[in-house]
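*Asks:* Sequence:
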Amino acid sequence: MKNKNRLQARHYKFNIDWILTIILVIALVLYGYGIWKTGSANDFYTSAITSMTQSFKNFWYASFDPAGYITVDKPPIALWFMAISANIFGVSNFSVVLPSVLFGVGSVYLMYRLIKPKFGKNAGRIAAFVMTITPIVVADSRTNNMDATLVYFLLLSLWMLQKAVDKKNIFWLMGSFALIGFSFNIKMLQAFMIVPAMLLFYWIASKTNWKQKTIHTVLAMISLVVLTLAWPLSVDMTSANNRPYEGGSEHNSVMELAFGYNGTQRLLGQTTGTGGTFKGMGNQKSKNNNKQTNNNQPTPPNMSKNKQQKNNMKMPGGNKPAGMKNGGAPGGGGGGSIFNIGTAGPLRLFQSALGPQISWLLPFAIIGMLASYIVYADPRRKWYQTTEKQKQIVLWTGWLVLVGGFFSVASFFHPYYTIMLAPAIAALSGIGLMGMLKALKVFNRKDIRFYFLPLAIAVTAMLQAWYVSSYYSWLTILILVIGIATSLGIIFIRSKKIIKNVIVAGLITIAIAPSFWSMTPTIAKTSDAIPSAGPDLLTSHGNQGGIGNGSVNNNLLKFLQKNQGNAKYLFATADSGTAAPYIIKTKKAVMAMGGFNGTDPAMTLSKFKQLVKSGQVKYYLDGGKSGSTNSSIVNWIKKHGKKVSAKTYGDTSTSSNKQGHFGNNKKTRMPNQRMPSKSSNHQMNGGPQNSSETLYDLSNIYK
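Residue 110 in the numbering used here sits at position 110 of the sequence shown, and the numbers go up by one each step.
Bear in mind the hints are in silico, worked out from the structure with no lab data behind them. Some hints here could point you the wrong way.
When the alpha-carbon atoms are kept at most 30 Å apart in a straight line, the in silico DSS-like pairs for lysine-lysine are as follows [to be verified]:
(1) 213 with 118
(2) 207 with 118
(3) 613 with 585
(4) 121 with 500
(5) 525 with 496
Note that the coordinates shown come from a computational prediction; the quantities given were computed from them, not determined experimentally.
Generate coordinates for the entire structure from the input sequences, incorporating the hints supplied.
*Replies:* Here is the structure:
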């Protein structure tokens, strides 16, 4: 008997789900292939990682620059993982993106682990697969942004929550909510979106009495608050003289950053960090053509607003992949504008601005959610007495409604933030498919519940056909014809064997387009600062240079290094976009006076004068973007500083040498911007210095 038990234990231990293994391998390839060839990802964060590897102080505060002058505008935890990776492998695109790749694959595995125990292997596999082929999940997991890391820890907190319910264990519950607090320090209030759904689930699913639930909830919230505030309070309670300025805040405070720029402004509209108010971003309509435009969007670093608006109206030109129609997707199947978030309202997630990134299977998930909730009901119970499976559906529906509701009305976010919806869509797709298949078996054609699956396939196929219509006419027709045909086949065909094949054909059909869209960042080998997916990437190759100008003028750099002397900073400049590539390339301190977009009030004129007088700052590089906060400093520099002629450091019309961060000579563009012509390529990779870029020598002002 003992030997038999041992054999059973060994069999259980090595019982590998090979289908899941294949899905995980697909995820690893999609998320990780070619990341070592893609430049420096989001150079804003790569610069911080470069600085964080140089001292514990920089590591703890997530300092943007090696001198610890200013931080990035996010908390440090996701960057901690990246900095550890960079310490092991050296700073490179591979090392800074590797944690996101691993967390992305980990999220796929957690989807399986969350769904399988209650709904079976097939539901878990479908959920994992849908998570894998969601385009924005792939794009996000190939960057050093925080989103893939955040999603992983939110899913881990749900796994612990389910353990708490199943085991009736308060410590699992406290750990679950502590992880939400931990996740707050990845991307702040975004982590709190799912907390109401978690609380609702615990109260309806826990088998303890209401008094115990109350006590447990209080303890869980205490653990959430403690983990949430531990790092922010440690920063805010530290003297400003002993730490970097908190980038993105108006008063050098993490708490202000969390509840302002990264909090209420995401919902109501951005009022800081860009030098102006931008309410209703992406919600305006042009008076001229009454079509959706973005007339009030903030200006990205190193790009004039007029130029940005012009680029937003363009679709990537040049050669299209075979079969692609001219013009591209209306909302940018390659991601669209970095601020194009469509028109606020209940259908925003289905619009072309956001839909091609996240919503391919959203109709399937919604219909599947309704179907499975009905199918998994116990007819012997009253309507409010939910079954165990229904409680799980409530949890994922809560996630979908809360996060989807936010993105439907919010005024300030990037399209790639919608990765937050991916777990709920994946879970409800897996659960819903099993529920709809059960409905086909249990109910006959006279029962309306029989029609859930054919309806889900047909509606999903029609939405997908619209998304691909601006790119591939043949794919539009294929999806429509097969999708509708399989739906009708499920309804009218009587043979169970044939119906099975028809269902498989229908499911494959609605998986084709999102699968291809998810492959585009991998095929294009992108690791973009503003990640996106879509056929546009196959010709434009993404936003390789980061958020700024993404280049280093090597002649200028040699001049600065030769003449830096004992100065603390290689040079000062207005914003992080100009500073980042130089920090990454040299690992030296460059002062971004106004932080990310040049508008943080981190520097005063009197303080800057002292730095110049003491010799800590000898040069100022004017990249053509000063930001309203630092205009007085820039005016003083222009009045008293000495312009350095480009010829002084050998930058002539024939000999400038600008290179990408790691010497890749990557061309840089904002998403949805046309790639430069041959003449403009000359200016970016070997042509004359940017006419808006001027170097000032400040060393003789006080002599």
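*Asks:* Please list, smallest to largest, the hint numbers that this structure does not respect.
*Replies:* 5
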